[in-house]
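**Student:** Sequence:
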Amino acid sequence: MVCLGNICRSPLAEGILQSKLPRDKFFVDSAGTGNWHVGQGPDKRSVLTAKSRGLDISCQTARQFNVEDFTKFDHIYVMDTSNYKDVVMLAPDTAAKAKVKLMMDEIFPGQNVDVPDPYWSEQGGFDKVYDMLDEACTLVAKKLLNEHS
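Count the sequence shown with UniProt numbering and you get residues 1 to 149, in order.
Keep in mind the hints are simulated off the structure, nothing from the lab. Please note that the accuracy of each hint is not assured.
As a list, the in silico BS3-like pairs of lysine-lysine whose alpha-carbon atoms are at most 25 Å apart [unchecked claim]:
no., residue 1, residue 2
1, LYS128, LYS143
2, LYS99, LYS72
3, LYS128, LYS72
4, LYS72, LYS20
5, LYS142, LYS99
6, LYS101, LYS85
Bear in mind the structure is a predicted one, so any value in this text is a computation, not a measurement.
Work the whole structure out from these sequences, hints included.
**Tutor:** Right, dumping it as structure tokens:
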């Protein structure tokens with residue numbers, strides 16, 4: 001799960017997808033394309049939103065996406081078209097590039113719908129993002145479970 005700073009959208013996506021998959025069979029992580037928040041926890045509004053839905057993401061730590069992630073992960077979901085461009089530019093080959101997908105393409109295939117960045121919004125923006133990610137993560141989880149069954 002990749003967003004800009006790894007403190008708002010991608011930590012929520014990481015926590016949501018983790019909650020929908022067996023932890024002994026899947027490793028879910030998140031990162032940011034930028035390095036501004038490396039080592040920090042998620043935004044307090046993301047933590048609050050997740051907590052209100054029964055998830056604890058407070059132990060996550062922000063990190064920057066790097067080229068090694070193409071080797072570590074089978075699927076790379078990005079939150080918006082800007083993150084998509086940034087991640088694809090790091091891809092070492094076409095196989096790596098093929099791993100990168102827009103998160104909302106799970107719901108709206110080929111429409112390039114972005115998960116809005118709630119950083120500059122009030123709490124309601126985080127709640128809206130959670131709902132979007134929850135719906136998309138449900139579809140991702142179903143796909144992943146089918147792949148591994």
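**Student:** Enumerate the violated hints, using their earlier numbering and listing them in ascending order.
**Tutor:** 3
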